[in-house]
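J.: Fit chains B, C and D to the supplied structure of chain A, relying on the hints for placement.
Chains A, B, C and D, in that order, are what the protein sequence lines are.
So that you can map any letter, position 147 of the first sequence is 147 in this note's numbering, and since no number is skipped, the others follow by simple counting.
So that you can map any letter, position 70 of the second sequence is 485 in this note's numbering, and since no number is skipped, the others follow by simple counting.
So that you can map any letter, position 199 of the third sequence is 1029 in this note's numbering, and since no number is skipped, the others follow by simple counting.
So that you can map any letter, position 53 of the fourth sequence is 1257 in this note's numbering, and since no number is skipped, the others follow by simple counting.
I should point out that these hints are in silico values taken from the structure, not numbers from a laboratory.
Hints are not guaranteed to be accurate.
[Claimed, not checked] Calculated cross-link-like contacts (lysine-lysine; reagent style DSS-like; alpha-carbon spacing at most 25 Å):
(1) D/Lys1573 to A/Lys283
(2) A/Lys400 to B/Lys815
(3) A/Lys23 to A/Lys87
(4) A/Lys300 to B/Lys698
(5) B/Lys698 to C/Lys1199
(6) C/Lys832 to B/Lys698
(7) C/Lys832 to B/Lys492
(8) B/Lys715 to D/Lys1573
(9) D/Lys1411 to D/Lys1346
(10) C/Lys1199 to D/Lys1573
(11) D/Lys1390 to D/Lys1313
(12) D/Lys1573 to A/Lys300
(13) A/Lys87 to D/Lys1573
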Amino acid sequence: MDFSLEYTEEQEHFAGEVREWIKENIPDGLVNFRDPMKKTREQWELRREIGRRLGKKGWLFAGYPPEYGGGGIGSDKRFVISREFEKVGVGYPPFYDSARLAVGPILSLGTDEQKQRFLPPIFRGEVTTWQLFTEPEAGTDEANQQTDALRHDKEGEYFIVNGSKIFVGGIYAPPNQFLLLTRSDREAARHENLAMFLAPADLPGITINPLPLFVSGTLAQVNGPTADSSPAIKHQVFFDDVRIHESFLIGGDRDGWRVTTATLDVEHGGGQSAIPLENTAVKRFIEQCRSNPRIQRRLKENPQLLESVVDIFISSEIVRLWGLRNAWIADSGQRAPYVGPQLGLYTKIIGGEIIESLARVLGPYTFIESTEWSLAEDIFEVVQRAGLCFAPAGTPEAQKIIISRALAIGREPRR
Amino acid sequence: MDFSLEYTEEQEHFAGEVREWIKENIPDGLVNFRDPMKKTREQWELRREIGRRLGKKGWLFAGYPPEYGGGGIGSDKRFVISREFEKVGVGYPPFYDSARLAVGPILSLGTDEQKQRFLPPIFRGEVTTWQLFTEPEAGTDEANQQTDALRHDKEGEYFIVNGSKIFVGGIYAPPNQFLLLTRSDREAARHENLAMFLAPADLPGITINPLPLFVSGTLAQVNGPTADSSPAIKHQVFFDDVRIHESFLIGGDRDGWRVTTATLDVEHGGGQSAIPLENTAVKRFIEQCRSNPRIQRRLKENPQLLESVVDIFISSEIVRLWGLRNAWIADSGQRAPYVGPQLGLYTKIIGGEIIESLARVLGPYTFIESTEWSLAEDIFEVVQRAGLCFAPAGTPEAQKIIISRALAIGREPRR
Amino acid sequence: MKLDLGLSENEEMLKKTALDFMRRDATKEVVQNLQDTDTGCTTELWQKMAGLGWAGIIIPEEYGGTGSTLTSAGVLLEVLGTGPLPGPLFSASILGSSIIMEAGTEEQKRQVLPAIANGSQVVTLAMTEPDFSWEPGAIQTKVSHSNDGFTLDGVKLFAYDAGAATHLIVAASTGDGIGLFLVDRKSEGLSVTRLPGYLAGQTFEVKMDSVRVPQAALLGENANNLQALESAITRSIPVLCAYKVGGCQALVDMTILYSRTRVQFGQLIGRFQRVQDMIIEMVNQLDAARWTTYECLWKLDADRPAAESVHMAKAVTSAAYWEASTLAHRVFSGISYAKDHPASFHTRASRSLYHYLGDPAYHRQRLAKLLTGV
Amino acid sequence: MKLDLGLSENEEMLKKTALDFMRRDATKEVVQNLQDTDTGCTTELWQKMAGLGWAGIIIPEEYGGTGSTLTSAGVLLEVLGTGPLPGPLFSASILGSSIIMEAGTEEQKRQVLPAIANGSQVVTLAMTEPDFSWEPGAIQTKVSHSNDGFTLDGVKLFAYDAGAATHLIVAASTGDGIGLFLVDRKSEGLSVTRLPGYLAGQTFEVKMDSVRVPQAALLGENANNLQALESAITRSIPVLCAYKVGGCQALVDMTILYSRTRVQFGQLIGRFQRVQDMIIEMVNQLDAARWTTYECLWKLDADRPAAESVHMAKAVTSAAYWEASTLAHRVFSGISYAKDHPASFHTRASRSLYHYLGDPAYHRQRLAKLLTGV
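With the rest of the complex left out, here is chain A (with noise of 0.2 Å):
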């Protein structure tokens, strides 16, 4: 066995070519943002334009074939892409919210044309994408969709779409592209009545609002040095009378579910392997009970809060060796449909907690944002904005059911 993630002679080289790009492309003002609401919009125009110059570079992308624009790179050099970004603080990836999520599907299940149409500009770091999954109605019931995309009756290949979406978005929009899940046929069965398509944003007969949250993200976050897919403000997408023309649709009429796991298959942490970066909230906490001495007080008067301590530790300490065995996996080929899943799920839980024993360690600073007063910075965005928004990539209650089919409790096991 080896756990080491150290650099080998090759990638060490790699790594000094990608250190001089980063010299070269990334600007100050862009680096250690955590808390994506204090993203300004220009930065925020400065982080695409970055996007773009990695899409150029095949590094946005890296993992996808050159053919259409992706960067074709091993797993080798793509953990060192990732971890040279950590380093100077600037997430990587993603950059472009659901993009990813729309790859996998149209590389399958796309014409080649689309293929030629979609995949380009999303490789290429050109265009945003939102994920338009969730309704009201359909919340880990992602296949209980309300919002119709019907068949013009007479211009037969344009869908009618109506309906509404929520939770959607980043902080800015309007994004470029939506990938859209609707229901194609009000009356044929569950799982065999639905529509995904990745369609213009800009389309007549949409409405983008803004809806305000009161905290948002998960640990998962806290993984990397940035998170823009799970902002504080989400958006409400409503349509109506859209036109849609089938080009937008991915797969046939009815093939939207099948879509759907497949995109959901990355989003619960099934995907592409991702060497896990480290816990940076976490490393700065145990850094401060250290070094702060306020900190350092508290635990000596008290130091039944020691086990607030070691317990963020340990599961801490697990996230990141799951980490490690995920990738792993992946890397190897072998097949452990519950890792990923189980990684999310244990991250989600584990995040909550760990924001209690915060709570219990930093005191009252926990949840104060104050320049003069705070301990770290990036603690208190975690305290703030973690932990408490189990839903995004899935609610714990919808991991768990993909988890129990993985390890086929109560049913036979697949061969």
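T.: Chains B, C and D only, in chain A's frame:
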């Protein structure tokens, strides 16, 4: 509000009477059997004798109708009896295993003749009764009985019983009678195919075999000084063409589920009010934390262990307070059907956690039973025998089903 | 035995009045609008509450209050907690008035308590400092004696409800011990700033830069009033706990209701065992909070030893309110993260109040000391 | 990067051999019969294991062992843990031989290690005393020097597997520090008694009443071998953890299998969310135990700093094995409380081994110290 359990003047007067009776009737060598495995046959017989004396006095089934030999005594005085017996370390009630479970159904569904025949021997402490509900295929799914009691083709007043029951009885066999749940109709619908008997245990065709367990009881047993009902030896009972006369049938041929529900209501904690006694094991443990030099040294060396001490204290306090609440609810004639199983469930779950906390604080002594080296003997017994066996009196899962119904989670509340 | 866990007739009446008040005057919209304000209350609401006698609920009748028991105060605060209705009622009328009662001279009581009771003065405590300890021994705010009074210098942090206060009780180190000073909020050199933070609610920084107060500002007759302060905090804690009990109850109620209407996968979500288990756990948290709180109130009202009870109640209710709100979010999921969902008000309250008058870590340590001597 | 979490070819082979051994020689009935014995093993089984080279698995080839890595030892012990097969293999061949390797002179190594490797000597540690501390500093057993050797007096408690031992390594206070003495089990004045207790497994009391041992019994060249003892314990801990990982794995396997066959309420119990959640939690415990253990083994084999890892692995696996067995009982319910149900073997093992080489409380305290300095 008044949370006090102190005696009123009237109670204090009655307590003197009880103490007097105890002095005259309880011989030495009978007190403080926390571990039923340690009771000799002779001691067990002695306790039966006390049971008969109590029965004669009307204190064994103190709250039940005097016309059948019950005490007809109000809850104020019943509490005094319990408390005084607790003070000398003799459990009270139940004295005779499952007899208590049989009483409710007999009172509500039995014929006058049955009441006259069955109740006085029970109330007078003359008979021991075992509950025969559980079968290999009928655990939590209590309705899934496979033991058949079919009416004899020709002698229609007899049932022929075939099948087996498991996890029944106490350490010493045989008992006098069985409260026996059977399937009286192989074709009828679920819940309408059962029959309940209160039948002699010595009928031809009955075989009783011991079934040794490696552990017993739940933390519930810690709430009183004795626990006859959850010893580490249970029994399996086989029925081979056993003839039971219909005069032993409680209710009708198809009333078994109604009868079962009535008994389970008692067993799962919804029955007659009982003011909770003190949790002697936890009390002794906290005392030892303060006074035992070995534990004191351990706590000083590792103050993180104090978290476990506090956990144990708080959970036992919650058990005590809910016990008070339940008694008050029952005594004041209110209806809150979730509180019985809630306390039952919590006691079990918390019981397991208390054992683990004890193991942390007491170190390896937790599992050692040795006159020379062990800590307080009663703590050892708690750890050894309790906290693991969740099944008796309803699994946690069965209790959750009842609680969910009682709280009307996901269903319209009963008006 | 005397066991009786029901409310008295007076308490039932108070509860009914409070429930009516919540229904009419403190609707969801009202509570929502108060979320990010400095006072947590409006003048109109405050006057209504004072008019109902609530601002003086535990103040003896001779000082203009209604002279009710702590249990009554708990019953009232429990109902307000269902909102959760923010505002300084607890901080001023329970904690503030308790400190005056425990620490003040007869003259000070006659001056201040009626003003608290009629709502014209709002007196809150500023005790903890950047070292965030609820041990009064940790106080570093300095006092110097001047000819006609005192001068205060220092910083108080996490001063709850100071934004609504007309006066602050400042704990300061006098040299002889901990003195308590009743300071006009408008005093020169005194600044009160709301601490930013998504969940912080009504907690404030109080800066004192040579704040001069008259001789009469010192509560009581000597410069050490630590014991009085501790006693007032002890008596106030279970009333704050009752507010959290109300929060837990509201969360349980709204969640069970949701379990009966929300459909996913073709059935009511309350039929799923996972959802049931979350709600059962919420109910357990609620009932643990409720009964530790009310036994504690009873002990204090009945003059029984209550130290263990007080620590336990605060530790249990703080954790219970936190857990219950987290679990509610898991049942509601998506919609409850919207800023205007009532569950989110409770989540913010549960986090904000977690540390007020000592967090579970503090009270568990004190409890451990009482239990083991270590 | 070098990340590779698979087994090497040798390790795979060892695992296969061990699985075959378990299937043929350590069946459920064998494990059951060993439950309440003094040795936890039979001569026949022991000789078979020694014949497979397991008794000398980490002993260098020059001393008659197979010179495998700690990871290999972990792979082997994990398989034995699935039984769980009791017996002194860990105590003698991992911990015992590690102490000899760390503390012994070259001559002692030449004498003792080959005997451990071929199974003829079973050498276990007797360290903890009635004060039940795994801090070697707590040792009070006394040594006095006599002309031709030493005399030992004292009591050891919780000496694991002493009942199967031919020799004990006794830690005693020499005045210069902690000395380690290799004592023949048959020495006069030495008594070994199994400690009674329903779940206690193979733990013993060792009483020494003027036990005389020769000069050569002192391991190493000086009278303080504390560091060597600590180093041997540190290196052995993750191998013991692997045994618990095997236990967790067996519990998970048998429980999932049961979820596919047991029917209640007309459906497989594995379809109930409550049962699923218990099994998911068991799998989480297993995987937490597995990966903390194997990373720790890798660190030790690769000579990397491993102190935090060792404490974490022992704390995590002890708790995980405990939890997994408790949860298994909840899924199986009734039948698993029968004395002959395999889940009950694991429950007893998880409780018995909970404190061996330090319980979670001890290791969590040490870990906290490393993390915070407090």
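J.: Are the hints correct? Go through all of them and say.
T.: Against the structure, the hints:
With a C-alpha separation of about 16 Å, the suggested pair D/Lys1573 and A/Lys283 falls inside the 25 Å cut-off, and the hint holds. Proposed proximity of A/Lys400 and B/Lys815 is supported: the alpha carbons are some 19 Å apart, at most 25 Å. Restraint check: the Cα-Cα separation between A/Lys23 and A/Lys87 comes to about 12 Å, which is no more than 25 Å; the hinted pair holds. Pair hint A/Lys300 plus B/Lys698 does not hold up; C-alpha atoms about 29 Å apart against a cutoff of 25 Å.
Pair hint B/Lys698 plus C/Lys1199 holds up; C-alpha atoms about 16 Å apart against a cutoff of 25 Å. The straight-line distance between the Cα atoms of C/Lys832 and B/Lys698 is roughly 23 Å, inside the 25 Å bound, and the hint therefore holds. Between C/Lys832 and B/Lys492 the alpha-carbon distance is near 12 Å, which keeps this suggested pair within the 25 Å criterion. A hinted pair counts as satisfied when its Cα atoms are at most 25 Å apart, and B/Lys715 with D/Lys1573 qualifies at roughly 15 Å.
Among the hinted pairs, D/Lys1411 with D/Lys1346 is consistent with the structure: their alpha-carbon atoms are about 12 Å apart, no more than 25 Å. In summary, the hint linking C/Lys1199 to D/Lys1573 is supported, as the alpha carbons are separated by about 22 Å, within the 25 Å threshold. With a C-alpha separation of about 21 Å, the suggested pairing of D/Lys1390 with D/Lys1313 holds against the 25 Å cut-off. Pair hint D/Lys1573 plus A/Lys300 holds up; C-alpha atoms about 11 Å apart against a cutoff of 25 Å.
For the proposed pair A/Lys87 and D/Lys1573, the alpha carbon gap of about 28 Å is over 25 Å, so the pair is violated.
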